[in-house]
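Asker: These are the residues of each chain, in order.
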Amino acid sequence: AQRVTQPEKLLSVFKGAPVELKCNYSYSGSPELFWYVQYSRQRLQLLLRHISRESIKGFTADLNKGETSFHLKKPFAQEEDSAMYYCALHSGGYQKVTFGTGTKLQVIP
Amino acid sequence: EAGVTQSPTHLIKTRGQQATLRCSPISGHTSVYWYQQALGLGLQFLLWYDEGEERNRGNFPPRFSGRQFPNYSSELNVNALELEDSALYLCASSSQGNIQYFGAGTRLSVL
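Protein chains in written order, with the working numbering: chain R, 1 to 109; chain L, 1001 to 1111.
Read the hints as simulated data drawn from the structure, not as lab findings.
Take the hints with a grain of salt, since some may be wrong.
[Unchecked claim] Derived EDC-like pairs: lysine to aspartate or glutamate, alpha-carbon spacing no greater than 16 Å straight-line:
| hint | chain 1 | residue 1 | chain 2 | residue 2 |
| --- | --- | --- | --- | --- |
| 1 | R | 96 | R | 32 |
| 2 | R | 65 | L | 1054 |
| 3 | R | 22 | L | 1050 |
| 4 | R | 65 | R | 81 |
| 5 | R | 96 | L | 1082 |
| 6 | R | 96 | R | 81 |
| 7 | R | 104 | R | 20 |
| 8 | L | 1013 | L | 1082 |
| 9 | R | 15 | R | 81 |
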């Protein structure tokens, strides 16, 4: 069974500090991984996906198949990064999409 | 372009009643997903419809059901409501590429 684990419910960092939101997954094949973000009073929205290999709002995430991880990183946190972040896995075709339980990022001014 | 719309915004029911939640996808999207977001549990996958067919369902009892209409809008029905069904129900739509676009949700309260 596929599983996504986000070990931290809450991550507090100071403005300007580096951020790393952890995501580990279990799946035997080649999954597609995503990070979604929900800012206060806004809808859940896509932040980035691993196949795009792009940086969005300064965030990057690298798929590490050896460690089965897809951690989200940003070198310098901004106050506007405060939000709820969800890691998601899709195993292809019509297989279900699995979301982690989310990590609330709090950037302290 | 309109995003994913869900109705109603809030729904209050009592135990044993039935609830119907509605979702209109982004124009051109053929897939609709339903999720339950209960407090502390993250997003739990409920159902996936594409081209009018149920493609997958999560680990929920059969009293959670739905359908997708020819215009790709979708309905989620929850029968015999229980207190623990109280949650935010999110709908998402997608076309190709598996990127999901979410609605604002329907908050269901079961009293």
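Asker: None of the hints should be skipped; say for each whether it holds.
Answerer: Tested hints:
| no. | hint | result |
| --- | --- | --- |
| 1 | R:96 - R:32 | holds (12 Å) |
| 2 | R:65 - L:1054 | violated (31 Å) |
| 3 | R:22 - L:1050 | violated (31 Å) |
| 4 | R:65 - R:81 | violated (27 Å) |
| 5 | R:96 - L:1082 | violated (25 Å) |
| 6 | R:96 - R:81 | violated (28 Å) |
| 7 | R:104 - R:20 | holds (12 Å) |
| 8 | L:1013 - L:1082 | holds (10 Å) |
| 9 | R:15 - R:81 | holds (9 Å) |
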